[in-house]
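Student: Here are the chains, one letter per residue:
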Amino acid sequence: MKEHMMVAALENGSVIDHIPTDKLFTIVQLLDLEKFKEEVVIANNLESQVMNRKGLIKISGKFFSEAEISKLAVVCPNIRLTVIKDYKVAEKREVTLPEELTNIVKCANPVCITNNEPMKTVFYRMDKDTLKCRYCGKEQKLKDIKLK
Amino acid sequence: MKNRSIVSIADYSREKIQYLLDMATEFEAHPNRQLLKGKVVATLFFEPSTRTRLSFETAANRLGARVIGFTDPKVTSSSKGETLKDTIKMVSNYADVIVMRHKLEGAALYASEVTNVPIINAGDGSNLHPSQTMLDLYSIYKTQGTLENLNIYMVGDLKYGRTVHSLLMSMRKYNPTFHFIAPKELEMPEEYKLYCKQNNIHYIEQRDFTEDTIADADILYMTRVQRERFTDLMEYERVKDAYILKANMLGKCKENMKILHPLPRVNEIEYEVDDSKHAYYFDQAQNGLYAREALICDVLGITLEDIKNDKTIIG
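From first to last, the protein sequence lines stand for chains A and F.
Everything in the first sequence is counted per the working numbering, starting at 1 for the first residue and increasing by one.
Everything in the second sequence is counted per the working numbering, starting at 1 for the first residue and increasing by one.
Errors might be hidden in some of the hints.
Listed below are the simulated DMTMM-like cross-link pairs for lysine to aspartate or glutamate, each with C-alpha atoms no more than 25 Å apart in a straight line [what the hints assert, rightly or not]:
#	chain 1	residue 1	chain 2	residue 2
1	A	LYS106	A	GLU66
2	F	LYS308	F	GLU57
3	A	LYS141	F	GLU191
4	F	LYS142	F	ASP216
5	A	LYS148	A	ASP86
6	A	LYS120	F	GLU113
7	A	LYS132	F	GLU57
8	A	LYS143	F	GLU190
9	A	LYS143	A	ASP86
10	A	LYS106	F	GLU228
11	A	LYS106	F	GLU113
12	A	LYS85	A	GLU39
13	F	LYS197	A	ASP127
14	F	LYS193	F	ASP208
The hints are simulated quantities; they were obtained by calculation from the structure and are not laboratory data.
Modelling step: build the complete structure from the supplied sequences, incorporating the hints.
Tutor: In structure tokens, the structure reads:
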């Protein structure tokens, strides 16, 4: 509950919680929060019962699209996303890796067609940390994944 | 309309494989027909491959189709920066079926998604080469009378050899026993060994390639050990002669054993072996014609029944 005292409550927006501390700034970059004009709170190394230390981001006036959520899931599976509307929790969900990712991930195989044509990539989730390219069939580990 | 493209045959059912083998058998009996009269087959070889192209073009010609296409992307708009999609869209206006070879992996699948004209994958990089697999299956079926319960020995470059990987996967439903004979640097990749384990395919890995180690083979599938595949040239020098099939190694082999090779051969099968009754690699290449006749007809919706009742047979 400590962090809730440190920052003002959100009226409308999103809270990304349970971020591993070493992933916090990756997510800040991914969401391009530097350029965001409304109120943003970024916190790190907060105490957490679940994961010892964690990062947290509160973004006022921001609601994520499914594509953005998929990107978050690739970079950082198992974060928690809370949507706040009118000071109330409108939705709370664990962000997990979807079974299929369209145009989110870049294939690591330089001779894959997706890296040589103006086209969308498609990846399938094989297990919790492996994706497989629909086109070249190469499997890649989530920790090595690059986003498109 | 359902796109009847053939990008991969790895997931084909036993029934579908048998159906295509039966088609190829019909074409072997009567390869020359007018079944595809009035049809246009495009052969788009974004990457040169004389052997595969000639085989496909012969198949199309012997069935009465006309052939358009290119053999070298340098002469096409690809070299001007045209995308694969645009080339495929353009050719789709002209042809009834597109046979394509491309150096990029996944190119054939992508092509099949951007057009309603059926695509036949004639090789996409080191990824898939289903017509080669089909002719390998047909060669095995024809020489052994079955695809079931065979001892298949794969020799040479098992790391980069696309044909051995495709064959391995397409044989999984027939209870084979594989023997992988390769130098350490070119051994069967982990992912395919895992594939074998997951599919309960029995395999044995060995380094020695001798008269005794191949005595139990039904099929000896030879591949080329290429110098450029080695990071350690000392290793290449050490193993380069260890995986050459010599005529004097055939003394103990089974009566029914046949030697296959996707060709081109360099030195991995001695020329004396050519005279052996076990040598089958040139017949295998000829089987490619019948297998490809079957694939072209299948994507055009021509059935086995149509082929059996075909009134257009020539000679």
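Student: Report the numbers of all earlier hints that the structure fails to satisfy, in ascending order.
Tutor: 5, 7, 9 and 10
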